[in-house]
Every structure is written in C-alpha cells, then in structure tokens.
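Starting from the known structure of chain A, arrange chain B on it as the hints suggest.
Keeping their order, the protein sequence lines are chains A and B.
Read in order, the letters of the first sequence correspond to residues 422 to 628 in the numbering used here.
Read in order, the letters of the second sequence correspond to residues 63 to 430 in the numbering used here.
There may be inaccurate statements among the hints.
What the hints assert, rightly or not - Only pairs whose alpha carbons sit at most 30 Å apart, straight line, appear in this in silico DSSO-like list of lysine-lysine:
| id | chain 1 | residue 1 | chain 2 | residue 2 |
| --- | --- | --- | --- | --- |
| 1 | B | 129 | B | 75 |
| 2 | B | 421 | A | 580 |
| 3 | A | 611 | B | 404 |
| 4 | A | 580 | B | 123 |
| 5 | B | 75 | A | 577 |
| 6 | A | 580 | B | 75 |
| 7 | A | 580 | A | 611 |
| 8 | B | 378 | A | 456 |
| 9 | B | 378 | A | 611 |
| 10 | B | 123 | B | 75 |
| 11 | B | 421 | A | 456 |
| 12 | B | 404 | B | 378 |
| 13 | B | 75 | A | 611 |
| 14 | B | 75 | A | 585 |
| 15 | B | 391 | A | 456 |
| 16 | A | 585 | B | 391 |
| 17 | A | 456 | A | 611 |
| 18 | B | 391 | B | 421 |
| 19 | B | 129 | A | 611 |
| 20 | B | 421 | A | 577 |
| 21 | A | 585 | A | 611 |
| 22 | B | 421 | A | 611 |
Just so you know, these hints were derived from the structure itself, not from any lab.
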Amino acid sequence: MNVPTPLKREWILTSDAFDRLLSAFDSDRDTAGQKYEILRRKLAEFFAARGSSAALDDVDETINRVARRLVEGEEIQDINAYFYAVARLVWLEETRTRGREATPLELAPTPIAPESAASEDQRRTRELRLSCLDSCLYGLSPANRQLIVEYYREEKGNKIELRKQQAARLNTTLNGLRLRASRIRSELSKCVHLCVERNQNDMDRAI
Amino acid sequence: MDLNSDYEVQCEKYLLGELSEPDSQQFEAAYFADDSRFERFVAVKEDLLDAYARGLLTGEKRQQFEKRFLASAAGRQEIEDARQLIQFTTAASHDPGAQTVGAVLPSERHSLWSWLTGRSVLIPAGALATLFVLAFVSWMLLRNRTNTNQKDNAQANQGVVPSPRKDDLTAPRTVTAQATPEDSPVQRGRVESPSSLASRGQNTKRSPRVNSGDSEKLASRTADEESVALVLYPYTSRSITPLPTPTPSTNQSGLGFSALTSAPRLTLHSRTQSVQLSLIYRYALEGPVEASVSDMNGKEILRRRNLNTGQSSEGKQSVTFAFPTSLLKRNDYIVRLSTRTKDGTPETIAEYSLSVERKPPPRTRSKP
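One chain only, chain B, in its complex shape:
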C-alpha cells in the first residue's frame, strides 16, 4: 500500500494493531467525530484488504492483518468479498460485451478513433454500416415497446396484470421502478441464481447482464410514465392476529425515513398518475382478500376489498390493485394483505414496506 498522508498511515497502523491504547482511543474518537475521516479510514481498510487478497502483504504486516481479520466471520467475509471483487473486475475488463453500445468512455475515445482511422477505408465504412443497423433495430424495438406499453397501461387501469412477453426484456416484471442517480447502482429487483440460469439454458457465468442496461432504462422510463407497477414481497409471514405498529428492528436501519435498507423504493415523477402494486404471498387464501396502505403514523390512506387473487409473472401467488399516486406523499408506507375468517375476524396475511420518493416537476424557463 502506498500511503501518502499522515492520517492514512495512522489508519493502517490502527487496523494492524500497531497503535498504543491511548493513541487508538484518540484515533477512534477522531473518526467518530468526523465523517470525512471515517470515510478515509474505510478507504484505507479496503485497500488493505485488497493488498492482502493479492498476496502483497508479507511478514509481520501479514501476520498482524490476519490477527485482526481472520479472527471473525465478518473479517473473513470481507477478505472473501475483496477476492471476489478482484475476480469480477478482472473478468469484466476482459469482456468485450461489458461496454454499453454507444457509451464510449473518455479514456477509450482516443483509442477507438485511432483504431477506426488507422485502418483501411472499408473498416470505417463497416463500422458505420453496423451503427446504422443497430440504430434501425433500436428504433424498431422502441416503436414496439411504445405500442406494448400503451396496451399494458390500458390493462393496468382495468386491474389486469399485464403478462410479460418472453422476448420483451423491458416488461415490468420484478423491477423496482426507480430513477437511478448517476453514481448509484440499480436497485435490482431480482437476480437469477446460477443454478436456475443453467436450468433455463442460459450462461451460468453471468446473471442476465443484458437486462442490466434494459432495467436501468426501464427503471428510469417507467418512473416517468403515467403508470408504474411494483411487485412487493412480504417482510413478515402469515400471522393470526394483526401485527402491532412496526418497531425498528436490529436488522434494519429504522423505519419511518427513506434511508430504509430493505424497503423497496418507489420514485414518482409529476407525470406518474397511478401505481399498480402486486403483493406476493405464500399461503392459500380462503376468505375475501383485502389490501390496505397506511403511513408510518398508522393512518390508513387506502383500502381495497374483495380483490382477485392471481399469479405474478414468476408464477407466484399475488394480489394486484391500482390506485392514484396522489394518495402517496414522500413517506414510508406499510401495505397489509388481509382476509377475514368465517366469523368475520380480520386476519393479516402479510405485510410489506414501501418507501416513496417524489421528484419535483421540471423547471420551465420563463420567457424574457
């Protein structure tokens, strides 16, 4: 590791147990007080893990590192994560399919231009022809997608879950509709395990990477459309009595604010007028099915009765209903699926969480 500042050097010493007890306390108090110091500390730790995973730590430094990190399951997992990251980034750098078409990165523009102009005339012409074909195919797909979504929206407004087409990678399956910021990975709704991919005859070494870009486009596109669909999975299983108001658990960052670590996030734009929720559940339902949406203060904003049960696109039992987005504010919500016993007693089947973010309408320029 190359550490070119005093603080980074101190970080490494702390991690390797080389600081005295008073110095350690001072170091810890400093990063508790200052978030930017803590961020630098985490970065140094990750580089240390990286160096160990590459076999670059030797001698006493290696022993000190192992004393700290091999002693716990969490530490061993961090080492494993570092190894996996090296493995996957190495594979990604060798994968010609890794680049999104058209997204030529700044560091590669020069080399791509050199490649094109350094060859015969035929090659630039061939590249142009390829681009033309790709543009035409993209236009056809976009046209087809627009027609499909118009039909799907009409179905959604009637309460019918649109069935996905196998060749339509952009069908709203289990995607959390969310406009993705530039520097955040897409919140993936679902990933196939290698074994299930193998059973479908797909490449087991890659999860459906082709869908990654499409999901990004879908996520940013659907959040801007008039209707958005979301599939929710329960965070509680069936209960006989209605659950009390959710309390923050040790495994969650807390309820009631948008920094939930496990609640699906729904980002609504000003144009989004309706939301369609599909609630996945496990147990067979006998009585009439109801769904309710409540805010974190327990205030019910919506209740739908006598809902039809059906199947999601993955063949799971689900209940689907739609409602106007005007009912949702920038808040966290609990969705409850319930039924009634023979004597009319309400029975909660499952509960789901949802975090809503609202995007302000775009500013319109005033004419001078």
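Isolated chain A, as found in the complex:
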C-alpha cells in the first residue's frame, strides 16, 4: 500500500471531496454516512489512546489527507486500513513535531492533570450538560431507561454480580448487556451533545 507522504495542513475539504470520500465507504449515502461516523470515532479513540494533545485536529487532518488522495485519483482497496495507516503517519509526525520520540504506549510518561479553576463559562456549560443529561435520560424509552438506570446506578453489593443478575433477567450474557448499555449510552451522548449545542446557541443569543 502506498502511504501518502506528509502533506501540509493547508488543503480544505470541499463538498465534492467529501462526496467522493463518502462514496468510498458505500454507494448508499445514508450507510456511507453511518460508516463515516464510526470511522471518525475510531480515529478519535486511536489518537486519544496514543496521547495526542489535539485529537480532534488530528482526526480532521487524517480525513483531509485521505479525501485529498481520493480526489487525486488514488484507488483505495481497503478504506479502513488506509485510514489507519494515514492516522499512524499523522501521529508519528505530530510526535516528531513536538520534539519527542514516538512513545510506545507502555512507556508513555505519567501525565500531570492540571488544576483549573472553574470559570463562569465552564460552570454554565456544566449546568447545561447536567440539564441535558437529565432530560435525555427521561427521553429514553422506558425499557432502555430501565436498563441503563439499573446498569449504572449506585447500589449496595458487588456491582459485577448485580450486572450478571441483570443480564440473566434479560436473558443475555454480561458482554451482551454491556454492549446494550453501551449502545444506549451512545444515543444518550448524542442527545446530550445536540441538546448542549442547541441550548448553547440560545444562551449565546440571549447574552
């Protein structure tokens, strides 16, 4: 596989380039969109696990590079593998740019979590997130709400054993229950994100 050489961060993703990128995932646009979303998340997890300090920027850079190659006519057989290869390249470049050796995961230095005083904006955002979480939680269907409430609530006893009992009641395995909770949680996160964004715009207009 020909991995693209390092490119400067100047190329902008146009509508046409984005269309070509989506079509590389699937001919059906909706399906392609869903696969694209999952791919973005995979990239975000990769860069986070690798200790990137600007994971979202690195995700965008990776996507831009792949899209550019497609626009330039490159034939990509395995889009996911190609994305992974480009992501690794971006990560390696970033670590070199920051003046340190590419650090394998097992040797990453211990980070120092900075203490930061909560600003008024942060406090307001946090309040908004809490409101949105509350609202989105109760927007779930009763069955989903019941599942996630029981899965995550604080209660006496060994949590793992309690989850095993919950899984048994739902006629599934612990892994199956974990996956179901994760999927519901993912929907919850999307709902919270949209709610925060929408209400943040409201609050900004009101200021």
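Frame of chain A, contents of chain B only:
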C-alpha cells in the same frame, strides 16, 4: 471489571497501556477493520471509566488508567460524564415519578401484582379508582388537545403562528417533529437551564421531565398529522454577502446525508401535507424579508417573499411561513433568510439546515 473473553481482556490491556507496541498496532488495525470489535472495545472502555468513577480501580491499574485518561481534557470529561451518569441513574432509580403511568416494565409486573394482591381488598379497589380517575382525566385532555389542534391547524394554514397556552404542555413550541424509534432518545428541541427554571419557580433539580413523555407523544403525533410545525435556529450569523454552498466543516459529520449531527430532522408521514417553518433570527430587519429553501445541489425549491416578522413562543424574533410537504424529498435542505438593501442587493441574514426523512405509507392488507 469482569472480563470474560480474550478480546475484552485485550481491550482493557490496550486502554491501560499494557500491550506492547506491535500488539497495540495489531489491536488497532483489528478494530479499524471490524466495527463489531470496535463496539466491544468502546463498551469495555465505558465499563473501565465506570469502575474508576466508583473507586473500584486500585494500585497499578488505577495509576495506568489515570496516566491515560487524566492526561487530556477529553479524558477528564469522559470521567466526569461517567460520574454524572452514575449520579443521575441513581437518582432516577429512587424517583417514584420516573415511571410513565401505565408503562409497567416486565421486571416490575410481578412485584406490582404481588403488592396489589397481597394487601386488603380496599387497596386494589383504591388502585382501580385511581386508574379510573386517571383514564377520565386523560380522555378530557385528549379531547381538549384535539379541539386545540384543529384550531391551530386552521391558523397555521393562514400563516399565523399559534400561541401556546401555558397549561398546554403539548403545544408545538420548540419541538423537532420526529417519530422516535424505540431505542433512541427523543431529540430534544430545548431544555431549560437550572437557573432559568429557578426563576420560573420550577424544580431546579429536574428539567421539565413531565414534558419528556408529552414531547415524545407530541413528536410522534404531530409527525403523523396533516400539518407539522418546526422552529429552526441559524447555524450562521448575519453575513453581508450571500454565503457560498456549505462545505463540510470539521465540526460536522458532513452535509448532504441524513447522518448530520446538528441538523434538525423532520420526519414526514404520508398524511403530513404541510410544513410550517419558524426561522429564529437575531438582528433587526429593515427591508422586505424573504425565505428560500434549497436542496444540497443548490436547487431552489421554494421562495417566499414579503414575509411578516413576528415573535416565536419564546419571545424571539422569527419569520414563519408554510408550504406543502410535496416539495420536500428525503434529503437535506438549506433554508436562507434574506432581505434586500436599499439598492435592491440581496443580503443573507441567516442560514438554517434541515434534514427530511419520509416514512412510507402503511401497508394495507389485501383481501383474500
């Protein structure tokens, strides 16, 4: 954490930085190639965050976890999210108002029946009386709602924004009309912040949860009615020159397909005949106001001129217009609000995005 498969064990080791570099690369390549593996990986990560938030990680495992997650703002936010989820689900499990009336969950049916039959005769009778009263009240509300919406639809067809009644929780305020699938949370149009709730004398610990079920009912009901109303907020502020064709930004999942992360979604059923859009804007408008709706190829499907400006139900400046749903296909649309300067030059005030989903008509059974 209890990990009962090799892959889940590997997931945890990867997250804690315990895999060698070659093994890490192999692990990453595997989840890039396989979505189901990635899904399992995310589930393990969430359980790890949950365990840390509960204080269940200790010793070296705790140190490794903190090395990975405390190093970035995103990681710290994930920990905070995990704590909040525990807090809210714990509160929800103790809240007797959390259950929707009538929605007795399978796990609770047995206990509810036991409770009813294990008491004296008076208690089952009292429960029946309560159910009767609730049924009567629901019927009265439904009857009232039907009369109200008939009146509102008549007003909407005349281009008048129906004013909500304070006691009518189902009035079409800022709700995205969308039939909600069983396993998806409702796309909430608006949530009150605790401070604004407090100023209105409401319970600050809960956002208007009573509206949650009503909004669900409203969302699924209005999408099936003949007319549907939607309030849109701009994603761009005022611009002097018309904006170019929107390009995918780094903050969006992309334009042009229904997986937009921030575009309001409008689900239309076969019975829905008209759409009423209310466009919220910020700046005062001086010239004549126009609104146009274009698809993602830039083709204009609708233009309304000389629109009246008014106020939305939240007291915000808005422009409202209605049009037949036959103009909308299953697509994404850009709505533009514009005016004209004194010399007649068009000026875009704001732009809005909209994602339309169409539900097929229900199948009718053929007679044998």
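Open item on the list: Please verify whether residue 421 (chain B) and residue 580 (chain A) have alpha carbons no more than 30 Å apart.
Closed with: violated, 42 Å
- [ ] Take a quick look at whether residue 129 (chain B) and residue 75 (chain B) sit within 30 Å of each other, Cα to Cα.
- [x] holds, 13 Å
Task: Pair hint residue 75 (chain B) and residue 577 (chain A), alpha-carbon separation not exceeding 30 Å - done: holds, 28 Å
Open item on the list: residue 75 (chain B) and residue 611 (chain A) were given as a pair; does the straight-line alpha-carbon distance stay at or below 30 Å?
Closed with: Since the Cα atoms of residue 75 (chain B) and residue 611 (chain A) sit roughly 27 Å apart, the hinted pair holds (cutoff 30 Å).
TODO: Sort out whether residue 391 (chain B) lies within 30 Å of residue 585 (chain A), counting only the CA atoms.
DONE: violated, 46 Å
Task: Restraint status (C-alpha distance of residue 75 (chain B) to residue 585 (chain A) at most 30 Å) - done: Roughly 22 Å separates the two Cα atoms, so the pair holds.
Task: Straight-line alpha-carbon gap residue 585 (chain A) to residue 611 (chain A), limit 30 Å - done: holds, 27 Å
TODO: Could you grab the alpha-carbon distance between residue 391 (chain B) and residue 456 (chain A) and see if it respects the 30 Å cut-off?
DONE: holds, 23 Å
Open item on the list: Against the 30 Å threshold, does the CA-CA distance of residue 421 (chain B) and residue 577 (chain A) hold or violate the hint?
Closed with: violated, 46 Å
- [ ] Assess, step by step, whether the Cα of residue 421 (chain B) is no farther than 30 Å from the Cα of residue 456 (chain A), and give holds or violated.
- [x] Holds - the C-alpha atoms of residue 456 (chain A) and residue 421 (chain B) are around 23 Å apart, at most 30 Å.
Open item on the list: Check the hint pairing residue 129 (chain B) with residue 611 (chain A) against an upper bound of 30 Å on the C-alpha distance.
Closed with: holds, 27 Å
TODO: Verify the proposed pairing of residue 580 (chain A) with residue 75 (chain B), using a straight-line Cα cut of 30 Å.
DONE: holds, 21 Å
Violated hints for the displayed structure, listed by number in ascending order: 2, 3, 8, 16 and 20.
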